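There are 2 protein chains.
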Amino acid sequence: MARRLVVIGGDAGGMAAATQARRRDDDLEIVALERGNWTSYSACGIPYVVGGAVADLDQLVVRTPDEFRQRSRIDVRMHHEAMAIDLVAGKVEVRDHVHERTIRLPFDDLVLGTGARPLRPDLPGIDLPFVHGVQTLDDAADLLAHADKIRCREVVIVGSGYIGLEMAEAFVARGARVTLVEGANQVMRSLDRDMAGLVQAALERFGVDVRLDSPAKAFEDGTVVTEEGQFAADLVVLGLGVVPNSELAADAGIELGVRNSIRVDRRQQTSAAGVWAAGDSCESYHLVSRRPVHIALGTVTNRQARVAGINIGGGYATFPGVVGTAVTKICNTEVGRTGLSEQEADEAGLATVSAKIDSTTRAGYFPGNKPITVKLVAERVTGRLLGAQIVGEEGAAKRIDIAAVAITAGMTVHELIDVDLSYAPPFSPVWDPVATAARQAARAVDEAR
Amino acid sequence: MARRLVVIGGDAGGMAAATQARRRDDDLEIVALERGNWTSYSACGIPYVVGGAVADLDQLVVRTPDEFRQRSRIDVRMHHEAMAIDLVAGKVEVRDHVHERTIRLPFDDLVLGTGARPLRPDLPGIDLPFVHGVQTLDDAADLLAHADKIRCREVVIVGSGYIGLEMAEAFVARGARVTLVEGANQVMRSLDRDMAGLVQAALERFGVDVRLDSPAKAFEDGTVVTEEGQFAADLVVLGLGVVPNSELAADAGIELGVRNSIRVDRRQQTSAAGVWAAGDSCESYHLVSRRPVHIALGTVTNRQARVAGINIGGGYATFPGVVGTAVTKICNTEVGRTGLSEQEADEAGLATVSAKIDSTTRAGYFPGNKPITVKLVAERVTGRLLGAQIVGEEGAAKRIDIAAVAITAGMTVHELIDVDLSYAPPFSPVWDPVATAARQAARAVDEAR
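Residue numbers (this note's numbering), protein chains in the order written: chain A, 6 to 454; chain B, 6 to 454.
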């Protein structure tokens with residue numbers, strides 16, 4: 006009998022692993038279970054559908070169930086929800102919501118692609134229907150239906166992570182009055198506070214009412230209550246981060262790691278042999294802090310899923326880890342970050358120096374040049390590049406990849422100065438802003454020695 | 006008496022070294038000699054002045070002589086031409102074209118920032134006034150005056166390096182009928198032929214008449230003669246590459262290197278102690294081919310000049326070398342390259358595999374996404390990334406920096422797959438095109454093993 010791979014979750018974590026396994030093993034029987042209405046989609050695109058830049062949610066689908074069936078011979082079962090995993094018997098208990106029945110599905114290999122869900126702190130009224138999280142396309146469909154129905158004029162965003170800020174912009178674009186309430190003393194805590202200030206200014210220029218030091222305390226219909234006052238809201242979006250959907254794994258006795266994400270080895274195998282995990286439900290390893298982290302991003306998901314799929318398909322692959330790269334465009338402002346912020350480095354016990362420079366995205370005389378601010382964080386004494394943050398306008402943020410590669414390679418800021426980066430007037434000043442920042446960071450390292 | 010640094014050449018190679026030396030040594034006396042009318046300018050911007058995107062040549066000046074005098078206390082002497090160097094006496098013979106006199110200027114340190122000039126092959130009529138090279142702002146001023154005067158309708162570009170192609174576009178933008186005659190069987194020989202074909206197609210879509218296998222044989226007033234026929238020309242631009250201005254150095258007995266560029270050590274010192282060189286006049290070391298090369302680019306110039314200046318100022322710095330990164334935007338098409346092309350790798354004795362992929366600059370569903378083609382060249386067996394080439398539309402080419410850093414770090418294409426590159430729908434597909442190309446290149450390496 007053919008080996009059977011069962012995949013729990015029809016989005017990238019599970020399905021990219023499945024297609025990769027199929028490439029290597031033609032005989033594998035593959036069954037994929039998805040409890041919702043969509044497979045393999047770009048959740049990162051949801052804010053652009055809400056804001057109107059992308060026409061509808063179907064645009065975000067990378068592969069439909071039928072495409073998986075036809076191209077990869079994957080038996081995709083929609084509206085099928087995994088309820089329990091029996092590791093001893095090697096079976097998944099599945100609730101088939103179509104036929105309203107429960108089956109027990111045997112597996113040889115199992116991929117947990119269960120994803121994550123928006124964090125919903127235990128606050129009064131958090132489960133009221135006007136409070137939306139945005140993670141899956143089903144979430145997004147609910148949100149859009151609600152927004153269309155009530156023709157919302159007042160929106161409150163709670164929290165200022167990537168999704169929160171992107172949704173703030175999206176609702177301004179829809180014509181709503183948007184208030185952002187953030188419990189910390191800065192937006193976007195993945196940035197240092199000085200860089201976050203530039204993002205906040207961009208939000209405010211765009212018309213978002215930003216309230217710092219204002220943690221949400223309660224939700225009443227039509228109102229968000231904070232310590233600093235109440236804010237009228239036809240609709241609330243939660244942007245407080247995500248928590249891994251790891252309960253199914255935990256209940257089966259599979260080991261969890263940081264922030265209750267599913268612990269995996271370098272081949273993406275969980276503590277149970279033959280059970281693999283990839284994506285937002287599982288742990289990563291941070292190459293700079295050398296600590297396990299939970300980072301829920303599509304890039305990491307796809308890379309982990311590829312590794313899991315190669316291993317399931319009989320190959321050998323390991324996932325080296327992440328450096329925490331992320332990029333977004335908010336209110337005409339581009340934001341990129343990678344590695345450790347000053348605060349994260351401090352938490353990891355690393356002593357740092359930093360440098361921050363202002364430059365332009367193109368040659369200063371070239372039409373369309375835009376401002377860019379680059380901050381680099383380097384380790385004291387060694388000068389090793391630990392992190393980078395970029396805030397700027399069009400053409401700024403994708404430069405973060407220069408730092409991402411340099412950090413991965415263990416370069417010092419002194420080495421980064423002389424990397425042969427590309428230059429022509431439509432693309433950069435003769436010293437790319439990242440190299441200019443490296444020069445200043447190298448001086449800071451030298452002075453601190 | 007103060008030590009005296011004499012700088013020959015008022016553009017970046019000399020002047021960036023001088024300002025760097027000044028930062029470290031307040032007491033240094035610095036004299037800079039420039040035979041032309043401008044100091045420290047962006048020659049790379051000349052095509053954009055010709056094409057009209059930048060208003061005038063003065064926009065390209067980074068620092069004027071007065072700014073150097075005031076900010077860096079550099080005694081800049083315009084219209085002063087170095088005629089000979091006496092290494093034994095430690096003096097430069099200088100022709101002062103303002104006062105029509107010759108002086109002998111003693112130096113303790115000397116920087117050769119003499120630059121390069123357009124290659125003018127020994128062909129009949131090459132010195133006719135309608136045949137222009139474009140290297141200095143003085144060249145550009147001559148060209149612009151000529152173009153304005155004759156209201157040129159027919160322009161022939163000879164050669165298809167960066168400058169040639171950029172000037173072709175610029176003259177189309179001015180309304181001229183432009184023919185490009187190229188001796189080889191492809192444009193832009195820094196690319197492999199398959200990628201060059203994409204550039205040629207872009208030129209042709211833009212209206213440039215491209216003639217391959219058509220080396221220029223002679224110039225007669227109003228005509229460029231090739232083996233394949235004659236082309237009418239009100240004005241001709243040479244784009245055949247450059248030759249280093251190294252005669253002054255050679256006549257003084259200073260050692261030359263590859264293609265008659267000035268040989269330098271890792272500190273940018275020539276074979277003569279206390280005589281330094283930086284920029285288009287001197288040699289670089291190619292980190293991939295491990296051979297000396299002559300690469301005339303502003304980025305390299307500025308990095309070499311910084312190193313020379315630190316050493317002159319009493320510090321210690323070395324220039325590690327180049328990986329041959331270059332980028333340009335031609336006829337709405339962006340072109341980037343770094344490392345070795347397949348042909349260059351072959352010439353360096355390296356066996357390769359390659360991969361080429363088509364993708365988009367943004368998520369496929371995101372408005373404004375543009376096509377991008379990425380080609381990677383990897384060493385057989387080891388999988389080490391040797392080179393990358395990118396041709397695409399807006400947002401494509403600056404990604405070449407990802408490969409430039411990876412090559413500098415000695416990464417394999419397998420390692421490049423898992424680098425944590427940035428992703429958000431406005432910036433990239435979830436697999437950045439460079440990572441997608443790395444996946445395909447890794448498969449090619451594995452298959453060839």
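Worth double-checking, as some hints may not be accurate.
Repeated chains share a single entry, so a pair holds when one copy, or any two copies, can fit it.
[Said to hold, decoys possible] 20 Å max Cα-Cα, derived SDA-like pairs, lysine to any residue:
#1 222 - 69
#2 222 - 109
#3 154 - 353
#4 375 - 264
#5 375 - 67
#6 375 - 58
FYI, nobody ran anything at the bench for these hints, they're computed from the structure. The structure presented is a predicted model; accordingly, all values stated were derived computationally and were not measured.
Checked hints:
With identical chains, the CA atoms of residue 222 and residue 69 are never at most 20 Å apart, being 40 Å at best within one copy and 60 Å at best between copies. Proximity of residue 222 to residue 109 under the C-alpha cut-off of 20 Å is found in neither arrangement, the shortest distances being 43 Å within a copy and 81 Å between copies. In this assembly of identical chains, the alpha carbons of residue 154 and residue 353 never lie at most 20 Å apart, being 47 Å within a copy and 67 Å across copies at closest. For a Cα distance limit of 20 Å, the shortest separation of residue 375 from residue 264 qualifies neither inside one copy, at 39 Å, nor across copies, at 39 Å.
In this assembly of identical chains, residue 375 and residue 67 lie within 20 Å of each other by CA distance solely across copies; the values are 18 Å between and 33 Å within a copy. In this homomeric assembly, residue 375 and residue 58 come within 20 Å of each other (Cα to Cα) only across copies, at 16 Å, whereas the closest approach inside a single copy is 22 Å.
Comparing the model with each earlier hint shows violations of hints 1, 2, 3, 4; every other hint is respected.
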